[in-house]
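Once you've looked at the hints, dock chain B against the given chain A.
Each chain, letter by letter, is given below.
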Amino acid sequence: MSFIRFEGVNKTFGNGNHVLKGIDLELEKGNLVTLLGPSGCGKSTLLRCLAGLETVTQGRVYLDGADITDLPPQRRDIGMVFQQYSLFPNMTVGQNVAFGLRMEKAPKAEIEGRVRRILELVHLEEKIDQYPAQLSGGQQQRVALARAIVTEPKVLLLDEPLSAIDAMLRRELQVEIRRLQQRLNITTIFVTHDQDEAMVMSDVIYLMNGGLIVQHGSPIDMYTRPESKFAATFMGHYNIIPAEAFSRACGEGVDCADLAVRPEVFQMLAGPLGREGSYSLRGRVVARMPHGNIVRYTVDCDAMEIDVDVVLDGAGLFELRQEVFLSVDKGALIHL
Amino acid sequence: MKNHKAGGNIVLVLIMVYLLVPLLLTFTFSVFGNWTSMLPKNFTLRAYEDMLATPRFFPDLLRTIIISVVPVAITVLIMLLALYTVLIFFPRLEKFLQLLCMIPYAIQGVILSVSIVSLYTRVPGFLSNRIFLLVGAYCIVILPYIFQGIRNAMRSVNMPMLIEAAEMLGASKLEAFFKVIVPNIVPGISVSALLSISMLFGDWVVIRNIAGNAYENVSILLYMTMNIVSVRTATAMFTVVFLVTLLISILVFNLQSKTEGGTSREER
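Protein chains in written order, with my numbering: chain A, 1 to 336; chain B, 337 to 604.
Some clues are possibly wrong.
Claimed, not checked - Straight line, CA to CA, 30 angstroms or less: simulated DSSO-like cross-link-like pairs of lysine-lysine:
id: 1; chain 1: A; residue 1: 127; chain 2: A; residue 2: 154
id: 2; chain 1: A; residue 1: 154; chain 2: A; residue 2: 29
id: 3; chain 1: A; residue 1: 127; chain 2: B; residue 2: 431
id: 4; chain 1: A; residue 1: 229; chain 2: A; residue 2: 154
id: 5; chain 1: A; residue 1: 21; chain 2: B; residue 2: 431
id: 6; chain 1: B; residue 1: 431; chain 2: A; residue 2: 105
id: 7; chain 1: A; residue 1: 154; chain 2: B; residue 2: 509
id: 8; chain 1: B; residue 1: 509; chain 2: A; residue 2: 127
id: 9; chain 1: A; residue 1: 105; chain 2: A; residue 2: 29
id: 10; chain 1: B; residue 1: 509; chain 2: A; residue 2: 105
id: 11; chain 1: A; residue 1: 108; chain 2: A; residue 2: 21
id: 12; chain 1: B; residue 1: 509; chain 2: A; residue 2: 108
id: 13; chain 1: A; residue 1: 108; chain 2: A; residue 2: 154
id: 14; chain 1: B; residue 1: 515; chain 2: A; residue 2: 108
id: 15; chain 1: B; residue 1: 515; chain 2: A; residue 2: 154
id: 16; chain 1: B; residue 1: 431; chain 2: B; residue 2: 515
As the list claims (entries may be wrong) - Looking from chain B toward chain A, a few residues come up when the C-beta cut is under 7 angstroms (computed):
id: 17; residue: 496
id: 18; residue: 497
id: 19; residue: 501
id: 20; residue: 505
As the list claims (entries may be wrong) - Just some of the chain B residues that point at chain A, by a computed CB distance under 7 angstroms:
id: 21; residue: 500
id: 22; residue: 504
id: 23; residue: 516
id: 24; residue: 520
id: 25; residue: 523
These are computed hints drawn from the structure, not numbers from a lab. Yeah, the Cβ is synthetic: ideal placement off N, Cα and C, and Gly gets one too.
In isolation and in its complexed conformation, chain A is listed as follows (with noise of 0.2 angstroms):
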């Protein structure tokens, strides 16, 4: 039996935005799951209707087997991480922690040790006099975190809780977070509209757009074998091509309507390359940039543009208007 069951959950506000379209959804327990999508596709309202701070307009809400949909936040046993922060200022960093244990009236010596405990976790035990306005924003996120788990609740709910933060520092905060979320194995559902941050932290993901969702599995899943155009262009950087075009650029027939090709999956090569079982195309470099271990290439072939990515290996660089022979096996090209 699912831990967290979404059944036909809509959800329409008062301007008549119909934001989510009956949503079906099962998690299981101890799993991370992320909701990915683009801005305004619904998954950050899904997790607050799980949150119960927005009411659900049709369908219902179930944890851990009983019907939550009308119960208020506060009774649902669950933890929640804004992207904000939402510290409340006025409190040092211990006595933020130890909000949620006062509210369930825990006595006091049990609060003090439950919060000396949760800081050492997320390693800020020397700033609990701390306020919040004393800490980075990283320190801040983690005090969110450590605020949240330290009830212990059902479910862990992360609402894009690093989009605030550097590039750096939110590499060791994924990091983090997922080794906290193991070790306490605590359900979480996590939302971004990172892909990267999606696959670096998920068990699996959850893809949306339009209120619906279009497609989940493992994140490698995802990423490999996308359903549609849209999985394709999001989850990845996948080269959309339509038959037709790619079918008169390498003078063979390829039976779909659209190919889903990644960047990575080309060869590139100065001299033609005929191999067995692959398509070959004569094109030109157009656009050169590099990506950190990987220069990303903008060829032209026959007027349809295609994005090959190659490992910066030494191997010397393609000049700009240089004429270039791509290869890709039959068996790489997703058709759509």
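Just chain B, lined up with the frame of chain A:
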């Protein structure tokens, strides 16, 4: 940059001089017997002895404190509850609440007091009690200041987000409001409360029209002392009244800085 700073300091000093000179002159006038030439002569505390000999002074001062503080406390509480209800449950009604609270700006004290007296005192009963009427009238007079102070303070703390965070930690909306939001807006509340208290402290028109002889405050006593007893005794009274209001302000700001906690600290 340096010139700008020096210019700013000069302006500050000039403003301080402008504000402090009348106070210093009043105090000087109260402690000298004769001030007809350039410098005052005959240092004396006679005006203060006369003031202490006036049996009504301290009771009037206490009455003034009570009649200034009670309406402010009532209005702050009502406004907090009203803003909580409107902002959390009926945010669209905020503009109407604002309009309602701004109306007293346009009504002068004389018109307000005369209207209240003519409306409520015709029928004897609870509402025609002059002291209750006075408290009610004061609540109306200070409504715009209290509303604006609290609303601005609330805008600065991102109230919906903090309430949601507190709700997720087990607090009800009301608990979240009083345990999280109110402590964070104490500076805004205290500034508007102090402004209102000092306004009511110096009121003469509304209290005279509504309470008549039933409730005498220091403004009325000062006026009578100035006209009947002596101007010098009145200045001694004024000095003491000023010191009392200063003391109230210091107490409120001390309380505020204790409640404020980390909201003003920045050290990363």
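Hint-by-hint comparison with the structure:
Restraint check: the Cα-Cα separation between residue 127/A and residue 154/A comes to about 27 angstroms, which is no more than 30 angstroms; the hinted pair holds. Simply put, residue 154/A and residue 29/A have alpha-carbon atoms about 9 angstroms apart, close enough for the 30 angstroms limit, and the pair holds. With a CA separation close to 42 angstroms, the supplied pair residue 127/A and residue 431/B exceeds the 30 angstroms bound. At roughly 36 angstroms between alpha-carbon atoms, residue 229/A and residue 154/A are farther apart than 30 angstroms, so this suggested pair is violated.
About 33 angstroms separates the Cα atoms of residue 21/A and residue 431/B, which puts this hinted pair outside 30 angstroms; it is violated. Restraint check for residue 431/B and residue 105/A: the C-alpha separation of about 38 angstroms exceeds 30 angstroms, so the hint is violated. A distance of roughly 22 angstroms separates the Cα atoms of residue 154/A and residue 509/B; the hinted pair therefore holds under the 30 angstroms criterion. Between residue 509/B and residue 127/A, the direct Cα distance comes to roughly 29 angstroms. Compliance with the 30 angstroms bound is thereby established for this hinted pair.
Between the alpha carbons of residue 105/A and residue 29/A the distance comes to roughly 27 angstroms, so the proposed pair stays at or under 30 angstroms and holds. Note on residue 509/B and residue 105/A: the hinted pairing holds, with a Cα-Cα distance of about 17 angstroms set against a maximum of 30 angstroms. Restraint check: the Cα-Cα separation between residue 108/A and residue 21/A comes to about 46 angstroms, which exceeds 30 angstroms; the hinted pair is violated. Distance check on the hinted pair: residue 509/B and residue 108/A sit about 24 angstroms apart at the alpha-carbon level, within 30 angstroms; holds.
Using a Cα cut-off of 30 angstroms, the hinted pair residue 108/A and residue 154/A holds, with the two alpha carbons roughly 23 angstroms apart. A distance of roughly 18 angstroms separates the Cα atoms of residue 515/B and residue 108/A; the hinted pair therefore holds under the 30 angstroms criterion. Note on residue 515/B and residue 154/A: the hinted pairing holds, with a Cα-Cα distance of about 25 angstroms set against a maximum of 30 angstroms. Between residue 431/B and residue 515/B, the direct Cα distance comes to roughly 26 angstroms. Compliance with the 30 angstroms bound is thereby established for this hinted pair.
Restraint check, residue 496/B versus chain A: the minimum CB separation of about 10 angstroms is more than 7 angstroms; hint violated. With a least beta-carbon distance of about 5 angstroms to chain A, the hint placing residue 497/B at the interface is held under the 7 angstroms criterion. The interface hint given for residue 501/B holds, since its Cβ lies 4 angstroms from the closest Cβ of chain A, which is under the 7 angstroms cut-off. Of the supplied interface hints, the one on residue 505/B holds, with its beta-carbon coming within about 4 angstroms of a beta-carbon of chain A, less than 7 angstroms.
Given hint, residue 500/B at the interface with chain A, holds; its Cβ is 5 angstroms from that chain's nearest Cβ, closer than 7 angstroms. Annotation: residue 504/B was flagged as interfacial toward chain A, and the flag holds, the nearest CB pair being 4 angstroms apart, inside 7 angstroms. Of the supplied interface hints, the one on residue 516/B holds, with its beta-carbon coming within about 5 angstroms of a beta-carbon of chain A, less than 7 angstroms. Annotation: interface hint on residue 520/B holds; nearest CB of chain A at approximately 5 angstroms, less than 7 angstroms.
Taking 7 angstroms as the C-beta cut-off, the interface hint given for residue 523/B is violated, the closest approach to chain A being about 10 angstroms.
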